[in-house]
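Protein chains: 10
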Amino acid sequence: MAGTEISAITTKLLEAKKAKGITFADLEQLLGRDEVWIAAVIYRQASASVDEAEKLLHCLGLSDDLVPELTAPSVKGLGPVVPTDPLIYRFYEIMQVYGMPMKEVIHEKFGDGIMSAIDFTLDIEKEADPKGDRVKVTMNGKFLPYKKW
Amino acid sequence: MAGTEISAITTKLLEAKKAKGITFADLEQLLGRDEVWIAAVIYRQASASVDEAEKLLHCLGLSDDLVPELTAPSVKGLGPVVPTDPLIYRFYEIMQVYGMPMKEVIHEKFGDGIMSAIDFTLDIEKEADPKGDRVKVTMNGKFLPYKKW
Amino acid sequence: MAGTEISAITTKLLEAKKAKGITFADLEQLLGRDEVWIAAVIYRQASASVDEAEKLLHCLGLSDDLVPELTAPSVKGLGPVVPTDPLIYRFYEIMQVYGMPMKEVIHEKFGDGIMSAIDFTLDIEKEADPKGDRVKVTMNGKFLPYKKW
Amino acid sequence: MAGTEISAITTKLLEAKKAKGITFADLEQLLGRDEVWIAAVIYRQASASVDEAEKLLHCLGLSDDLVPELTAPSVKGLGPVVPTDPLIYRFYEIMQVYGMPMKEVIHEKFGDGIMSAIDFTLDIEKEADPKGDRVKVTMNGKFLPYKKW
Amino acid sequence: MAGTEISAITTKLLEAKKAKGITFADLEQLLGRDEVWIAAVIYRQASASVDEAEKLLHCLGLSDDLVPELTAPSVKGLGPVVPTDPLIYRFYEIMQVYGMPMKEVIHEKFGDGIMSAIDFTLDIEKEADPKGDRVKVTMNGKFLPYKKW
Amino acid sequence: MAGTEISAITTKLLEAKKAKGITFADLEQLLGRDEVWIAAVIYRQASASVDEAEKLLHCLGLSDDLVPELTAPSVKGLGPVVPTDPLIYRFYEIMQVYGMPMKEVIHEKFGDGIMSAIDFTLDIEKEADPKGDRVKVTMNGKFLPYKKW
Amino acid sequence: MAGTEISAITTKLLEAKKAKGITFADLEQLLGRDEVWIAAVIYRQASASVDEAEKLLHCLGLSDDLVPELTAPSVKGLGPVVPTDPLIYRFYEIMQVYGMPMKEVIHEKFGDGIMSAIDFTLDIEKEADPKGDRVKVTMNGKFLPYKKW
Amino acid sequence: MAGTEISAITTKLLEAKKAKGITFADLEQLLGRDEVWIAAVIYRQASASVDEAEKLLHCLGLSDDLVPELTAPSVKGLGPVVPTDPLIYRFYEIMQVYGMPMKEVIHEKFGDGIMSAIDFTLDIEKEADPKGDRVKVTMNGKFLPYKKW
Amino acid sequence: MAGTEISAITTKLLEAKKAKGITFADLEQLLGRDEVWIAAVIYRQASASVDEAEKLLHCLGLSDDLVPELTAPSVKGLGPVVPTDPLIYRFYEIMQVYGMPMKEVIHEKFGDGIMSAIDFTLDIEKEADPKGDRVKVTMNGKFLPYKKW
Amino acid sequence: MAGTEISAITTKLLEAKKAKGITFADLEQLLGRDEVWIAAVIYRQASASVDEAEKLLHCLGLSDDLVPELTAPSVKGLGPVVPTDPLIYRFYEIMQVYGMPMKEVIHEKFGDGIMSAIDFTLDIEKEADPKGDRVKVTMNGKFLPYKKW
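Residue numbers (my numbering), protein chains in the order written: chain A, 1 to 149; chain B, 150 to 298; chain C, 299 to 447; chain D, 448 to 596; chain E, 597 to 745; chain F, 746 to 894; chain G, 895 to 1043; chain H, 1044 to 1192; chain I, 1193 to 1341; chain J, 1342 to 1490.
One should not assume that every hint holds.
[Claimed, not checked] Pairs of lysine-lysine, PhoX-like flavour, derived with a Cα cap of 25 Å:
1) Lys1353/J / Lys1025/G
2) Lys854/F / Lys616/E
3) Lys854/F / Lys608/E
4) Lys1472/J / Lys1318/I
5) Lys445/C / Lys109/A
6) Lys126/A / Lys616/E
7) Lys912/G / Lys1020/G
These aren't lab readings, by the way, just hints derived from the structure by calculation.
Just chain A, with the same shape it has in the complex:
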């Protein structure tokens, strides 16, 4: 996708993971963290602790020299304003189509404020379905009411 540059460390980690035949589910068990969060560490969108970084690197057979790169707060974001990759675009489309309806419903349930994207978790499950498996994405974020002052 134009503009999405995958950094050197991400490439190194993904190649080692592929070479070793390790899945994200395996890493989930190893680290005791959700696989999406671990993928976010690998894509440098989340920061691991030193301990988590070491476990991850050992498991992938990589050197501890990479620990600082995995523990530093990173500059985040995907790049292209409108993603062109079809899988990622669908999440953009959901925001375009259902953004205002979600806003209405959330304000009715919670008042004026937002769902945090920081105090936030995201889980992906595979739901077997005879008419075709389904992707279930659960987002869970703290509601932050606007402060008055």
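Given the structure of chain A, go ahead and fit chains B, C, D, E, F, G, H, I and J onto it with the hints provided.
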């Protein structure tokens, strides 16, 4: 938010709903449809059946003349490329920050393909939490594998 | 500024305020809220309580019919991606020039996370200075650490 | 963040700082300058004097050859029109949401003009709070009234 | 075309194909897949099976080491928002000019929903015509009705 | 879809068509023209002859006064650079994902040149399929080789 | 020029000026202010004093009711990111072509800082020249050195 | 500034100039050309004659091999649509704020046409001022009336 | 075409022209000016003399009240950055595809400088051709060499 | 010009041409093709035949190995959406200013359709003129009427 024009029919429905003190939860019970989907009908991002449109209009005390407007497939989308409303922006940010990690995990679980945003449902729940209530958003879309030909 | 449409209610409130010769400092005393927050209510970027809305409208000699408009969560944002108004642009420039340095310093002091723009206050003071008065803007937002999961 | 290229000299300085375990607070004491300004020098958004550049380089164990790079007026700016990094985006959001209210309040207090982003200082403090620490950002810029001619 | 970077593997495959004088029609026969789909694999917009990748590489005289690159789900998309290449632009123009008419006709025939671009095939034929040969492009995608919930 | 303004004449024609319960298939029979082209006339992306305009208006019970509007060459195009309507976006995505592969195959079959979007027809068919009906779109455009001079 | 909307008050003032046959040079004499600044007041890019506004309105035969509109600090800016009007574009081109050379020369003469666009005057003169008259534009802004802190 | 890449030859010339401690004022005397124009040659926005290029290179102690690079008409322009460097941005702001007023005044003085940015000179002077030195920029361009035909 | 608003006066003139059955060729004879230039006056991209405006208005049966609107220098430009109308886009495409080659050839013939778009004429002719008529567009602009100073 | 990358082969051909002192006029004679078309081949916007490529390479003293690069259909286009180079910008401005007038005149002469940019030639001539030489650009493209179907 600049560029987000709320159409006349949406305004009319929301005002009637407010005047009558009806909640989306009430509408959910009335129509037997999820409140987010009903909000999407009101924002003209989803199409009701004639029966659903009539029920909705009666409940809001509005004329049946609006049935055709609520049942026609609409031109969809929010408008601004990057939303400026903070609540909606957070969903854009999630796509920016977690888009590539989600793509990795979904491809590992399902192979090459996407999550449908059409054969798709979206549910919003309020999760009570002593440290501050949480917004739980569940997206559920059919996995569509790329066809080869 | 191109694209910045000032809504009808904002215009009505500002005109009444001007006609009555009431300052934001007066409103601050009346409502017991900061003047910037009150200006944000007038620009429909913040939501007042029913009580605050009534006080504000009475003080400006306007009808209570406007209460619902001032208490509803609004669609927020200024509009133009890059503001052209010189006063507002300077805040954009500060983000362009000092954004990365601020990020470094905040991460060093707090770890990975962000400053909330929701659980947040903003104060403007006039600092007398013989070489030319100074504008002092104080932003105060809760630090939100990234959640791991 | 797409488009934000961190220059070679910035990377070199940050790595040396990390390797030596020196904080911005340490540099503040050493140079007698605010830590945000020092971070701005490191990101090449501000220019040091020869003396300041030498002190900084010695402290980080780097060669004086870099003095010219740290003292030259640089080409400034972050890059992406709308930042995708969540920490930096929040400052963009503040400008989007509170830009017009701030403009109203500043004009009421000062008349037509702007807050300088050049004759300007920016300070970041950590405010301990039992409900979660807070980030306090203080901007202080000279008010510049529009000249008539 | 600005922004369209052709990846190293695509260049390698196209050069080998050219050097060997193999056409897409030849590859179609070899792999039992449509030539457009094969071109999409070469441009890394579609993923081959291991068997298909091996056949393709052998036929082009290239090493099996490239199999993983051809079988992984890729990051998809062309790049420039509006293509500048005249051949590709015409398909953008068709969407601009005939998009709304197609939407009307499809909704009338099928109801509210979309044509899938995933469960989808695309065929290109050369139609001889004395007034000038014609390009015939046939797109065939599953209709996906919007799910209600 | 933000930026897509449907003109007054299009709205008038579509409403009359709906009120009379006339389908595009009916219009196809009446005018002896393809339904997509007729929809393009209604959306003012194509120009009818006086005779075709009169037939169309009579059939919809509208006045001949509209003939000049339907026969004049119009200013064409959809509006938003990237369409947000999901149905129309899929055609944009096809151009993003399959644009370069199509270019390769067309150049191999025809040499350097383009498919005309002017000397061009577009047909939409519904293909019954037990696994879900399919949309079949056939584009047929003259190949235009680049002229040398 | 797309996006440049001329406000109602500007139109009213320009029409009155035209109807009365008054030139900017006349207004310059009347108000004791430069004609460019007066034109900026008329375009609501600068704010007049009450006295200046009254003089201007009287001279144009317009009502004093417009005084508040001419004295309020306005939302400034032209609108289109890249101006399409050829006269205005040339100034954009000058900034594009000579921006970096000017930056070098100004930094060499003054050090790190900027030329103020607020404490600033702009003068336009007509220079007779047998080979074609020349436009002479003189900008004069205070140099603002970057503050260290 | 994102997108402003300084070319290899510009860097080489500026470094030699700095190493030799030569100012633009020195070059102005040497070449008998204005310092801004010379800076424009160094930034490859203007083309020198062979003689001027040789003088410039000798003075900077660089090889004549660079003559062709300095004498060829270059591809001009700064790059970013909206400059982020504060010094250069101010000129963009001037065009945004004063563009329409300047257009009015120039048309009143000269009729319909433009100021040339080609048959054009630009001079920068330092004006000493006890309240702070001032930057004086004088632009002088031929007026080009629109040709009728 | 999105963003291209045709002004009220243009619409009035074109409708009168159509109602009277007058062609641009007729206007060319009447005014002694080229038809493209006259169309540019009608689209308010060029300014007529009072005499030309009167002749044009009389011929179209319109009131002299419109003379001021046709003689004032207008704010020029089409609007959309990239035109979506296929006829106009082709001229954009020509600039995209042949821009650099034209630049090379013009520089070789003339040296560094540009072709004026102001001291400029544009002529359109219909060239009969048995294989299909051809559009011949002749642009003729003064070469403007870059001034040195 | 930002974003315009000149490819390696173009640079190689232009340098050889310069070193040999060969003009486009010389190449026109050698190849029997127009100089603009030849420049387009060198910029890889047009494709030569094997014979033409060989002649061109021999004449420039370059190896036949480059023949495949000059004969393949290329990915076309200049790059920046709005060109910043002043010479090329003028052609963009012509499209902005005269686009709609040209559209009117062409439609009046030819009906609904476009001028082809593919079945198209472009010629540049130098017209001597005592008031300054003129650039004459002649575009000649087949008229393509919209097909009805």
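Would you mind confirming whether the straight-line C-alpha gap from Lys1353/J to Lys1025/G stays at or under 25 Å?
violated, 42 Å
For a C-alpha distance cap of 25 Å, please report whether Lys854/F and Lys608/E respect it.
holds, 21 Å
Is the straight-line distance between the alpha-carbon of Lys912/G and that of Lys1020/G 25 Å or less?
Satisfied, since the Cα-Cα distance of roughly 21 Å is no more than 25 Å.
Proposed proximity, Lys1318/I with Lys1472/J (alpha carbon, max 25 Å):
Violated - the C-alpha atoms of Lys1318/I and Lys1472/J are around 30 Å apart, more than 25 Å.
Does the structure keep Lys854/F and Lys616/E at a Cα separation of 25 Å or less?
The given pair, whose Cα atoms are some 17 Å apart, holds under the 25 Å limit.
When you check the alpha-carbon spacing of Lys445/C and Lys109/A, does it fall within 25 Å?
At roughly 24 Å apart (the allowed maximum being 25 Å), Lys109/A and Lys445/C satisfy the hint.
Is the Cα-Cα distance between Lys126/A and Lys616/E 25 Å or less?
violated, 44 Å
Figure legend: structure checked against the earlier numbered hints; hints not met, in rising order: 1, 4, 6.
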